[in-house]
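Colleague: Whenever a hint applies, use it, and build me the whole structure from the sequences.
Sequence order for the protein chains is A and B.
If you're matching positions, the first sequence starts at 557 in my numbering and goes up one per residue.
If you're matching positions, the second sequence starts at 557 in my numbering and goes up one per residue.
Check the hints yourself; a few may be wrong.
Pairs count within a copy or across copies, as identical chains cannot be separated in the list.
[To be verified] Derived pair list, reagent style EDC-like, types lysine to aspartate or glutamate, alpha-carbon separation capped at 16 angstroms:
#1 Lys885 with Asp834
#2 Lys558 with Glu668
#3 Lys647 with Glu713
#4 Lys699 with Asp774
#5 Lys636 with Glu866
#6 Lys647 with Asp834
#7 Lys599 with Asp804
#8 Lys906 with Glu816
#9 Lys651 with Glu625
#10 Lys599 with Glu778
It should be emphasised that the hints constitute simulated quantities derived from the structure, not laboratory data.
Protein chains: 2
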Amino acid sequence: MKVIINRDKLMESIQHVTKAISSKTAVPILSGLKIHAKETGIKLTGSNSDITIESFIPLEEEGIQYIDEIEQGEIIVHAKYFPEIIRKSPKDTVKIESDEQLQVTIQSGHAEFHLNGQDPEEYPQINQIQTDASFELPITLLKNMIKQTVFAVSTSETRPILTGVNIRAEDGQLKFVATDSHRLAASNVPLETEFSNFPTSQVVIPGKSLNELSKILDDTDEKIQISITDNQIAFQTEYLYFLSRLLDGKYPETSRLIPEESKTVIHANTKQLLQAVDRASLLAKDNHNNVIRLQTNNDQTIEISSNSPEIGKVEEELTVESIDGEELKISFSSKYMIDALKIMETDNVKIEFTGAMRPFIIKPTEHDQLLQLILPVRTF
Amino acid sequence: MKVIINRDKLMESIQHVTKAISSKTAVPILSGLKIHAKETGIKLTGSNSDITIESFIPLEEEGIQYIDEIEQGEIIVHAKYFPEIIRKSPKDTVKIESDEQLQVTIQSGHAEFHLNGQDPEEYPQINQIQTDASFELPITLLKNMIKQTVFAVSTSETRPILTGVNIRAEDGQLKFVATDSHRLAASNVPLETEFSNFPTSQVVIPGKSLNELSKILDDTDEKIQISITDNQIAFQTEYLYFLSRLLDGKYPETSRLIPEESKTVIHANTKQLLQAVDRASLLAKDNHNNVIRLQTNNDQTIEISSNSPEIGKVEEELTVESIDGEELKISFSSKYMIDALKIMETDNVKIEFTGAMRPFIIKPTEHDQLLQLILPVRTF
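Modeller: Okay, structure coming up:
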């Protein structure tokens with residue numbers, strides 16, 4: 557194998573695929589990075605037991621020449637040293653060459669590196685998944701839906717299924733939902749076309765996979781193709797192939813959790829509310845659950861407070877847009893509230909309560925595509 | 557005590573004094589931050605067993621009003637929560653008030669915090685040190701001398717005296733020197749005036765103190781006053797007072813270590829050499845001592861290389877400005893070389909060798925105020 561390639565373009569691809577590479581792997585060869593030089597360009601691969609990422613660099617793109625010379629072949633390089641060597645190359649182009657003894661020579665300017673490579677034959681075969689169940693989404697939309705839900709997945713392995721985001725296509729909508737059983741985040745968007753071939757089985761993607769995917773994808777309006785089988789999901793753009801396993805198990809029925817009526821409704825400025833909750837949380841941090849209180853007043857204000865007897869207490873009065881319905885005193889985790897308010901893109905939010913001991917809902921005032929639910933804590 | 561004060565100015569002072577505050581202290585009251593409101597402004601104090609930092613905020617400075625209202629008094633506040641509360645205050649000014657029950661009320665906009673304070677009577681008295689041995693330096697010069705030496709102090713407590721920077725005034729020069737016994741860094745500047753009262757005892761300042769001082773000082777040409785007693789050193793500007801203990805013990809005589817003659821002299825471009833050494837170090841990192849090799853060639857080039865049999869090897873040929881004297885093959889720690897080259901401000905450096913097993917010297921080509929010495933490693 558031999559390739560003379562643009563350093564920065566190669567570095568970008570390396571950064572994508574190394575997101576899937578772990579030095580702690582049960583399969584030693586997977587701690588390496590695979591380089592596959594073809595006639596049309598080079599493909600890099602990184603993989604672990606959960607995800608596989610492939611990034612392709614074409615000979616040229618939109619008139620920009622990335623690769624000057626190429627001879628076909630494959631090699632596995634050290635995923636710790638190879639990226640550092642490329643990053644610190646003195647010139648804009650690097651020459652990478654491997655021989656039959658699996659020796660890899662990397663040359664740039666007057667610097668010459670010789671790395672011990674590994675046999676590409678030992679690297680597991682990555683098959684593109686075959687399925688009719690595939691659809692397209694704009695990348696910005698996908699990233700947004702991930703951002704609005706993935707923070708709410710469980711970080712505990714007690715119920716592994718809750719560490720993933722559940723994806724469904726129903727009622728003409730694509731639905732993402734995540735819950736750790738104390739709070740829930742849901743994002744729904746109308747489907748442009750009917751997905752008649754969406755899997756009937758449950759699709760639950762590990763939250764970690766979605767976080768990594770989000771980091772790799774640029775914010776563009778280009779579309780990404782999503783294909784699903786019983787146990788895998790693939791995200792594909794022109795030069796990127798991202799494959800994740802799906803979580804096994806039954807995802808809980810979450811729609812029943814969402815109250816259909818409400819007794820107290822508050823409209824508030826998102827940013828003001830977020831900052832007041834953040835301040836109240838300052839003295840609530842050392843409580844393991846960050847509990848703060850919210851209380852409605854008669855004069856279109858709410859009071860947000862917390863109390864840690866050993867340290868001190870905080871009280872803040874916040875003027876809101878409106879308060880309708882019953883008086884309310886409720887306690888909840890400031891962390892969950894901060895997480896929920898941070899991903900609201902609208903200036904104002906609507907909070908719907910059905911009593912101090914019932915879950916409450918936070919929504920944008922302008923639309924219904926986003927819903928956050930938080931379970932209160934009993935303190936009053 | 558009561559004060560209505562500009563939030564950002566207060567925050568700046570808090571950030572300075574908290575550098576001296578540790579939550580792990582043998583004297584519990586020192587985990588707090590002291591606020592002392594006087595007629596002329598407020599003084600904040602943070603302290604641990606090594607350093608004490610005082611920062612003063614005057615009522616106004618250069619026409620800018622920092623304090624609107626002040627009532628004299630003292631209080632100790634929680635150094636973890638108080639800074640966070642001020643930082644997240646909703647308005648540009650905050651009101652801080654303490655009562656006889658040591659309750660501290662912090663108010664900004666509609667947010668009101670109540671913190672449990674501590675008794676200022678329990679806080680140790682900080683005395684300004686009394687000495688004739690004091691001199692002034694421009695702040696940028698002091699910061700520069702710290703930067704050029706402090707990285708070379710020892711991080712091991714085997715010989716505690718080596719964890720500090722030795723300061724002397726001799727031969728009409730102010731001299732900073734640091735060594736961990738494997739390398740040495742020295743910075744000398746001509747004295748503007750004679751320091752007849754410079755202490756005859758050894759002055760060794762903990763490296764940690766100098767690092768903290770450097771972080772607090774802005775880069776200005778203003779002067780800082782330095783006062784020294786047998787066991788303490790104070791750095792003072794108009795609004796800052798920084799006090800550090802000195803290290804006890806005998807600092808080694810370092811001047812003998814510096815070779816007076818040389819057998820091989822290389823002039824090289826600082827940046828090119830730094831980058832080549834950095835690249836060679838990539839494959840030498842997992843050796844515990846980062847050893848790389850340097851070899852002179854006959855054609856005004858040097859070869860920098862390293863070899864880790866399990867990973868691979870690297871070789872780079874670097875064209876230098878000149879090579880004079882004997883041929884040379886030498887091995888040394890790339891980390892020490894990188895540290896030394898990073899603080900050279902000049903485009904070119906002069907490296908003076910006296911053989912493969914003798915310490916070598918790195919200097920700027922333009923002047924003699926800066927000297928770095930590195931001990932080689934035996935490999936050839």
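Colleague: Take the hints in turn and mark each one as holding or not.
Modeller: Quick rundown of the hints versus the structure:
1. Lys885 with Asp834: This pair counts as neither: shortest intra-copy Cα distance 19 angstroms, inter-copy 61 angstroms.
2. Lys558 with Glu668: Answer is within: at 15 angstroms inside a copy they meet the 16 angstroms cutoff, but 67 angstroms across does not.
3. Lys647 with Glu713: neither (47 angstroms within a copy, 43 angstroms between copies)
4. Lys699 with Asp774: within (9 angstroms within a copy, 41 angstroms between copies)
5. Lys636 with Glu866: Cα proximity of Lys636 and Glu866: across copies only (13 angstroms, versus 48 angstroms in one copy).
6. Lys647 with Asp834: between (48 angstroms within a copy, 15 angstroms between copies)
7. Lys599 with Asp804: neither (30 angstroms within a copy, 61 angstroms between copies)
8. Lys906 with Glu816: within (14 angstroms within a copy, 78 angstroms between copies)
9. Lys651 with Glu625: within (9 angstroms within a copy, 69 angstroms between copies)
10. Lys599 with Glu778: neither (21 angstroms within a copy, 57 angstroms between copies)
The earlier numbered hints that this structure contradicts are 1, 3, 7 and 10.
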